[in-house]
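Undergrad: Could you put the whole structure together from the sequences, leaning on the hints where they help?
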Amino acid sequence: MAVNSTLFVAIPAAALLLNLFLLLVCISAKKSKLVIAFMLLVASYSIWSGGSLGMRAMIYPGAIFWFKVSFTGILLVPFMIYNFVYEYTEQKGTFTRSLMAVSWFIIIVLANLDLFIKSPAIASENATRSFEYTLTNWTILPILYGVFTLGLTFHMIFKSIAYKGQSLNAFTPFFLGTGVLFVGLLLTVIPGFGSFPIDPLACGINALFLFYALYKKRLITFKMVASRGPLYLSAIIMMTALMTVLYSSFEEMYDRRFPQYIAYKPIVFSVILSILTVLVYNLIRKALFLLFNKTHATREEELRRFSREINESLDDKQILKTFCDLIERNMDCDMAYVLVSDDSGNYVTEAATLPVLSGGIAIRSESPVIEWLKEHNLSITYKDFTRTKNFHAMWESEKSTFVDNNIKLLLPIAEGKRLLALALFADRGNHKNYSPGEITFLESAGAVMSIATKNALLYAAMQKEAYTDTLTGLYNRRYFNSIAKKQFEQAKMHTLSVVLISFDDFTLYRELYGSLRIETVLKDMAKILLSAIGSQGCVARYSEREFIISIPFIDTEATGRIIEVIRNLFKNHVDNKREHGYRHLTFSAGICTYPVSSSNLEETINYAGVALYTAKKNGKNRTQVYSTETSGKALTPEAMRFGEQCERTIYALTAAIDAKDHYTFQHSQNVSLYGAKLAEYIGLDPEHVEIIRQAGLLHDVGKIGIPESILSKEGKLTDEELAIMREHPEASVAMIKYLPSLDYVVPAAFSHHERWDGKGYPRGIAGEDIPIAARCLCIVDAFDAMTTQRSYKAAMSVEDALDEIRRNLGTQFDAKIGLAFIKLAESGDLAIHKV
Amino acid sequence: MKFKEKLLKESPETIWQEHCGFLDLSMKEYINIQKSLLMEQIDLLSSSNLGKRLMKDQVPKTIEEFRKTVPLTSFEDYADTLLMRREEELPTKPQIWLETTWEGGEYPRKTAPYSKAMLDTYTNNLFSVMILAASSCRGQFRVRSRSKVLYTLAPLPFASGLFPELMKNEVDFHFMPPVKDALEMSFSQQMSRGFELAVKHGLNQFFGMSSILYYISQNLLSGTRSGLSLKKLSGMSPVMLYRLIKARYRSRRDNVPILPKDIFKLDAFVCVGNDSTLYKPELEKYWGRKPMEIAGGTEPTLIGTETWSRDGLVFFPDACFYEFIPEKEMRRSLEEPDYSPRTYLMDELNANQLYELVITVLKGGAFVRYRVGDVYRCLRLSNPSDNLSIPQFEFVDRTPNIIDIGAFTRITAREIDKVIRLSGLPIRHWTALKEYDSDKKSFLQMFLEVEDDSLENQSAAADILKEHLSLYFRYYDNDYVSLKKLLQIDPLRVTVVKGGSFEAFEKLRGHPLGRINPPAADVIDFRALCGYAGTGGSSAWQ
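Keeping their order, the protein sequence lines are chains D and R.
Its first residue numbered 1, the first sequence is counted upward by one per residue in the numbering used here.
Its first residue numbered 836, the second sequence is counted upward by one per residue in the numbering used here.
Derived by calculation from the structure, the hints in this document are not laboratory data.
It cannot be assumed that every hint is accurate.
Said to hold, decoys possible - Which chain R residues face chain D? A few, computed with CB under 8 Å, are given here:
(1) 857
(2) 860
(3) 867
(4) 883
(5) 931
(6) 1097
(7) 1153
Stated by the list, open to error - In silico DSS-like links for lysine-lysine, alpha-carbon gap of 25 Å or less:
(8) 408/D - 839/R
(9) 408/D - 896/R
(10) 1015/R - 389/D
(11) 389/D - 417/D
(12) 896/R - 523/D
(13) 839/R - 399/D
(14) 870/R - 417/D
(15) 389/D - 983/R
(16) 844/R - 159/D
(17) 389/D - 837/R
(18) 1100/R - 159/D
(19) 399/D - 844/R
(20) 870/R - 374/D
(21) 399/D - 870/R
(22) 837/R - 408/D
(23) 713/D - 660/D
(24) 374/D - 983/R
(25) 159/D - 983/R
(26) 903/R - 870/R
(27) 1015/R - 1003/R
(28) 399/D - 928/R
(29) 1100/R - 839/R
Just so you know, even glycine gets a beta-carbon here, dropped at the ideal spot from N, CA and C.
TA: Right, dumping it as structure tokens:
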């Protein structure tokens, strides 16, 4: 067979390169007997293909020399295969091997004395060369001995598979490669293949099989991964081989085309050689880099990006989503789940690369999977996990979860022994295992994520602590306000109901049964509320004995039904626990629904409070819906009694004010009267009117604690005195809040110094955020202060006072209510009292 | 992946780790597995009628609570549900129902449901048995996927019938005779045909009940003594022909019998059943390989196996939750039926003590805190030479209230009483115990005292009673027939003692002699009193 002269040399060169590459990779690995045996085998292939190349490229010292090198390589191969399998199957005893080594050595010596094959005759025709081999009668000897050696080798393999249970799988590429090798050798003796480098081709193909066996089947596990050095060296060798092959052609072409530049030939060649060397070097390096490190490099970049992204976030959900995005971009898997520990310690799906059905996967905290991951903090394939001791303890339902969801790989995201989260990766459809590279990538991502998750969880815990009530675990008042605002924005065009729930005779109950019992009751109530409301709305602890609920997109009637469900649940709970010392305890509830009964969130909450007050006033243990109609109904006998009790308390408090500061007493009386009148005038319901009346009486009760020197000081107050003076609303609330039956006046009393433009005190709230009762009190408080005489100022006329109010409409006062007051005062319906 | 694929594709270390890794468990790890799986079982039981009934409508939250809540049970507690096969009352839907005969109780048979998870566990544990049976030391084994197996097991619905059923899709075992043919044969035909095929084609694995293995081994000796006809030789594999001729030549030359080991080279040799400990040395002598004993049954599934050293059973951690009643407590509970004996867990045992086994079948099984009726000796709590950190056991016998002969038939006081009543004989006192003769064959030894003390009456009573007992057992218990036919055991020996012997014993020891398997010391004293000192066989309880 005639063959192109380049191919004639290129095939052995490629074969040599492949074998050398293998050899160089092994050099970088940690040496063991097995690795050395493998290296010796590859070295024999290299000698074979190297000799073949030298022979065909007619490299110095000549074809005969290289033929002998090549033949030596061929003769070394059977023994080296035997030797490698000997080590691989961990055979014992060295006699046979030593005998084999000695006999092959003798054969090689004899071969070099041309006993088996005469040195080939070289024939050149039409720029192609062929080698003619002359066999001798002894040729059969190395062939038979080779067959014998290989027979022994296969026997060892067979025994190893049969008796030691060694896997055939890893041997398959090795078998195939050896098969190709000997088919190649056989073909060389068939006439017609004389010029084709069939045996080096077989040798090259065999090297590829070995590559495959090493890379995919892990025929040998190298303890140390090869560095890039051998890869570069390999590239240089290839370049040198190419140049060796092409040099004569180049030289001939140069001489023919550029005869005038013959003198520069060495320089030109040197430059070309250098450029080519760099080019080929980089080309090879790039090729190898792409082959082995491309994915690695991309993933490194991805990991850096991932690290940056998650370190910028303290939101655990965002971190999980970023992780899922990373998986989606870089991993070929059908589905990945991230499970995070919930309140009970179980691990539940928090994120996934695709939407999950019915909540995704959940694993109990005592599961052996969790135990294993905590203990080892390593990723593991599910298949490998089934072989661990822990697997014996797996529940069948857990096994089904893994099998049904096709889970192939488990990745812990842990900090020490604390398993923060856990990622599960499903099968990728093609049933391919996750490669070591992919697993390393995932483990790195997991490590990065563990730090971020830990921080996020810590932050979430702190955040939760900040917005939850420690006793009941419900949201606290502050957080409720922000949640309710969001809900209100969402439901602005629809409806939103607010319910205030307050235990009846709470103080008495606590006095009788103690704080511990009260705490238990509050916790139980919180559970009941959560179970009844669920994700429909928001439940919070509003004050010591009050809970608040906001439910968007619901009408009053439906809200009332929910409250009745809660009432029944609570009653049943108390009844069931009676034997454990529970005593009868009831609650009242007030409902207000936007926009039916209120125009904004503040109003809705306030009116729910008013409704609650009405419920209490009407005899407790009931639900009251806020509306002008219902609030206007005649009071029940219980309500009358309740009102009388409150009156007595208010009287006692105002008497205390009178004793301390008569002016303030009189002022409070006035504010109460004006406020009630104004409330009536602007159309508030009787309950609201009553609240404002009472709030007017009590709004300055906090002044009891202010030194008389400040209260009756003539002239301007100093900054410090002013600061003390401004504390009185809070002081008032501090006193009233201990009177549970009067706490409904707190919003009005607390906010009567707030200004419409937000420049007031103590909270600095503005506009309609200020409770309507407080807005009313604010106007009448200012009016009475202006129209009464004090030791340090004369009384202002009513007209001037009204002008002053008019001037401050929209800044200090609510313009609508302010105008209404002016009209009321000007109409003469308001009896003005002057001290 | 099927087991045959594993054998081809996986490394031996991986296979060993997967199936025999439980032998590396520490005691703590073992108990944790047991507890975890019991919690799963409680979970399953709590949603079933049977479970609710047994757990008294409670759902125990801990193992201790479970043991306090659920009383020890016997088959009578399950009979309504299991005999009627009321699947809807069970913790999980059964895939298969197994049966066993049971003359000693209120019902003629016992049935046990097996869920899918139980069968999976059974299969996995069976692989462990196969690997261990083919191992010579830790981690080294040779299992062939195409082994030839002599099939001497009872078919389904008996528990032993599960073996070929579970193996059929996992390995390419060649059962001799083929399972399909065996179903249509009597047990003796099955053994004879199986052995014929084994001699022709060779034998790699041999699984069977110890008593049967022993009988077959002896039978084999007589079988091979006959001449070699051309018919016999036709179809024989060359290897087997060579081995047979070689064995016969050596036998004639040295004038020694042909032993099975001369013909067969076994990879695995597994025995199960009562009296295994007794037969094992004999079997080793015959087969040149010590058989590996396994433990199991219809109700408990496959629960234990010996290891490569064949020196004590290890219980699988995932088959059942095990509790143990110490011998003293067991005897007290047999004497006082209302007494609730105390149980101990695997990590609370003492070495060299006898324990009655109590099981809760895991993975959806029906039996909860069930007294199987098997007594084990805890040989040791750990085995440093085999590097085992978990206890090893030896099967001793059935509980003393049951006399098990050759693992075929089980006789109780209830049955003997019935026979005495039917015989109309004036028996004043009797006692029955299990003993072994010099050939290691077990038999029932009965001592009785008749009302009329004349010599004539004594010998007549012995014969009549023996005849009545034989008749009764032949009629009611099919296994008894097999016992005589297959194992050629004459299982009854009746001895009439002189009048007043039982009273004399009571006077001597301060308590009456137990009726079934009395304690060994009592038997010795009683024999001495009656003038039979030094006679009789040996007893498992001695």
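Undergrad: Within a Cα-Cα threshold of 25 Å, do residue 896/R and residue 523/D meet the stated pairing?
TA: holds (24 Å)
Undergrad: Under 8 Å, Cβ to Cβ, is where residue 1153/R needs to be relative to chain D, so tell me if that hint holds or is violated.
TA: With a minimum Cβ separation of about 5 Å from chain D (threshold 8 Å), the hint on residue 1153/R holds.
Undergrad: Are residue 903/R and residue 870/R close enough, with their CA atoms no more than 25 Å apart?
TA: holds (15 Å)
Undergrad: Does the structure keep residue 408/D and residue 839/R at a Cα separation of 25 Å or less?
TA: Holds, at roughly 22 Å.
Undergrad: Does residue 839/R pair with residue 399/D here, judged by a C-alpha cut-off of 25 Å?
TA: This hinted pair holds, its Cα atoms lying about 22 Å apart.
Undergrad: Next pair to validate is residue 399/D with residue 928/R; report whether the Cα-Cα distance is within 25 Å.
TA: This hinted pair holds, its Cα atoms lying about 18 Å apart.
Undergrad: Against chain D, run the beta carbon of residue 860/R and see if the smallest gap drops under 8 Å.
TA: holds (6 Å)
Undergrad: Take the C-alpha atoms of residue 870/R and residue 417/D, compute the straight-line distance between them, and say whether it is at most 25 Å.
TA: holds (22 Å)
Undergrad: Taking only the CA atoms, is the gap from residue 837/R to residue 408/D under or equal to 25 Å?
TA: holds (18 Å)
Undergrad: Quick one, is the residue 867/R hint okay against chain D at 8 Å, beta carbons?
TA: At about 6 Å, which falls below the 8 Å cut-off, the nearest Cβ of chain D leaves the hint on residue 867/R intact, so it holds.
Undergrad: Measure nothing beyond the straight line between the CA atoms of residue 389/D and residue 983/R; if it is 25 Å or shorter, mark the hint as holding.
TA: It is violated: about 31 Å lies between the C-alpha atoms, which goes past 25 Å.
Undergrad: Regarding the pair residue 713/D and residue 660/D, is the alpha-carbon distance no greater than 25 Å?
TA: Distance of about 15 Å is within 25 Å: holds.
Hints 4, 5, 6, 9, 10, 15, 24, counting from the list given before, are not met by this structure.
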